[in-house]
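Listed here are the chains, written in short residue letters.
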Amino acid sequence: MALQGTRRQLGDVTIVDFSGKITLGEGSAMLRNTVRELINSGNKKILLSLYDVDYIDSSGIGELVSAYTTVKNASGELKLLHLTKRVHDILQITRLFTVFDVQSEEGAAIRSFKS
Amino acid sequence: MAAKTQRIEVMLETLLESVDLAESISMRVAEAAGFPEEEVHKIGMAVREGVINAYNYGNQQDRQKKIMMTVELQPDNMIVRVLDQGKGFELTEIPDPLAEENLLRTSGRGLFLMRAFMDDFRVERGPEGGAHLIMVKKLPQPVSDNGKHKPE
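Residue numbers (this note's numbering), protein chains in the order written: chain A, 1 to 115; chain B, 116 to 267.
Among the hints, erroneous ones may be present.
Selected chain A positions facing chain B (Cβ under 7 Å, derived; list incomplete) [unchecked claim]:
| hint | residue |
| --- | --- |
| 1 | G25 |
| 2 | D57 |
| 3 | I61 |
| 4 | I93 |
The hints are simulated quantities; they were obtained by calculation from the structure and are not laboratory data.
We put the CB at the ideal spot given by N, CA and C, even for glycine.
So that you can see chain A by itself, here it is in the shape it has in the complex (with noise of 0.2 Å):
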């Protein structure tokens, strides 16, 4: 399934429920015109949910790198919400969940934006 990604606003965290697959082609771009839009509109914490992705392969891992930079590099923040075990693993190989800032809550992780 392409990636779908839908946006929703919490005070000033950006929440984008992502659904579908993040890989080479499609996915990858959807994600990162979605990121750059948001950095472009003034958007700097962006809580990025994965519920419905069971499916990232290297392409989508390096545009969520990609991804993690350009906010950072925004002096925004970025962080992934409710990982599927398959992206969760893929992170964990790859020693993302080093790099990433990983919520399991969502309330916990608006929380955990600066203020």
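Following the hints, position chain B against chain A.
Chain B in isolation, oriented as in the chain A frame:
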């Protein structure tokens, strides 16, 4: 006596769609070979990464070039080979994606994933100099001559 080896050869175009096609073919073979669902997923993903490598880095998205994929079921192993028409590379030239200084790189994890998801992974030079990726996964149970799993 060993069961007969079965082999599928596919000539893939250097197109994005070939990545999904190769993954799908390898997963169907893995399913038919009796791998459990999670292993089928890992095999599919390793093959996906192999063909992404051929598409992006080997053939550099040149549509004139082809990608040859071979899926072989031997009595004890499933072997997938992916051959491109690029310049080839040595595994030792590839930066370790787990090294602290490489964690924020946006590429370079495909080979690592192939190695992680398969039992054996190596890279050789193809006959025309391209990269020849060889991925091996041990079958869940050896298959006997009549196509049935041998008892443990």
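So which of the earlier hints does this model not fit? none
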